[in-house]
Amino acid sequence: MAVRLTPVASRRDLKRFIYLPEQLHQDHPLWMPPLYMDEWDYFNPKKNRAYGYCDTTMMLAEKDGRLAGRVLGIINHRHNDHVKEQWGRFALFESTDDREVAHALLSHVEEWARAKGMTKVIGPFGFTDQDPEGFQVEGFEHHPTIVTYYNFPYIIRQLEAEGYTKETDYVVYKVPRPKEMPELMAKIAERVERRGFREVGLKSKREVKRYIVPVLRLMNEAYQGIYGYSPLDDDEMHDLAKKYLIFLDIRLLKIVVKDDEVVGFMVAMPDLYQAFVKSKGRLFPFGWIHFLREAKRKTFAQCDLLLAGIAERYRGKGLDMLMGREMLKSSIAAGVEFYDSHHELETNTLVRAEMERQGGKIYKRYRIFQKTL
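Final position of the sequence shown in the numbering used here is 373; the numbers increase by one with none missing.
Here are the computed distance ranges between Cβ atoms for each label pair:
| hint | residue 1 | residue 2 | range |
| --- | --- | --- | --- |
| 1 | ALA333 | GLU160 | 44 to 50 Å |
| 2 | LEU184 | THR372 | 43 to 49 Å |
| 3 | LEU240 | LEU283 | 15 to 21 Å |
| 4 | GLY201 | PHE247 | 17 to 23 Å |
| 5 | ASP259 | GLY117 | 46 to 52 Å |
| 6 | PRO285 | PRO7 | 29 to 35 Å |
| 7 | PRO285 | ARG78 | 37 to 43 Å |
| 8 | ASP55 | ILE289 | 37 to 43 Å |
| 9 | PRO7 | GLY201 | 50 to 56 Å |
Since the hints were derived computationally from the structure, they do not count as laboratory data.
All C-beta atoms, glycine included, are put in the ideal place defined by N, C-alpha and C.
With the hints as constraints, model all of the structure from the sequences given.
What follows is the structure, given as structure tokens:
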């Protein structure tokens with residue numbers, strides 16, 4: 001039977017789109033569901049401000065009378081104008097192990113993007129780089145972390161069969177936590193403090209609110225020029241902070257200031273894989289208990305490094321050592337055994353060299369694919 005594509009045009013269609021991965025991955029041992037409350041907000045133009053500067057197309061695929069795939073096509077005009085490119089994106093691509101289904105969905109996005117004047121399609125890449133990006137190509141034996149894909153290996157074969165090739169890779173390091181404070185790190189951190197820099201030492205989530213916008217404004221500055229990064233406006237900053245505040249462990253948020261100006265930040269969180277799996281992605285009626293239990297844990301083995309940035313004028317001054325010292329203190333107290341570096345661009349040789357200097361080994365790899373139209 002031929003593949004039938006249906007645009008997402010109603011709340012019922014959207015529900016089928018959101019929960020399709022749960023069906024396809026029901027026997028996938030390490031798959032981690034999203035937080036479905038956030039998924040509904042993600043597709044709500046009143047709550048996801050990216051709809052204000054992006055065009056989208058959403059399609060479901062059916063074959064043999066059963067739902068068999070989905071795809072989201074995106075054109076981020078703000079980013080395209082910023083970097084002088086005419087690129088479309090595909091995101092949230094799911095398919096059964098069926099070439100016909102994959103071809104129908106990907107061809108739809110390509111034709112849609114071409115009709116809008118795009119010259120290339122990349123993906124998987126969402127509205128912004130704050131969304132999951134890159135399909136996993138190595139390390140399937142390890143469970144996923146927050147804001148990452150955990151796809152079937154056959155998805156890669158489907159993309160390659162449709163003419164998609166590598167655009168860029170992200171690597172993920174598994175970095176052992178030092179057993180004790182490195183002497184050089186401690187000395188450099190102390191020197192930095194004598195020059196007027198200090199780590200604020202947050203005591204409560206209430207204190208975090210005064211730093212949200214300064215930290216994210218610094219992220220806009222620090223991430224300029226990084227592949228795929230889209231600057232956030234103030235409203236988007238508050239939305240992003242609200243989304244992740246529920247997961248935040250203030251022990252793992254390090255902010256450096258000089259004369260009360262935020263000049264550096266590092267954000268990490270405990271591994272929440274078990275909470276997502278046990279809750280099945282649902283906070284209600286009882287899923288919140290699993291997240292609360294994780295939030296109250298004093299010790300955890302894996303720490304996921306998510307974001308870090310330093311004001312350009314202060315790079316190379318040792319602020320990374322000051323934040324690293326404070327993160328290590330918290331990690332030792334929490335019994336952390338290793339860090340997951342999260343996505344690092346394969347071309348980011350400085351960060352990669354530091355990870356490897358600390359004994360880190362690549363244990364996962366994610367790939368952005370591209371196809372010229």
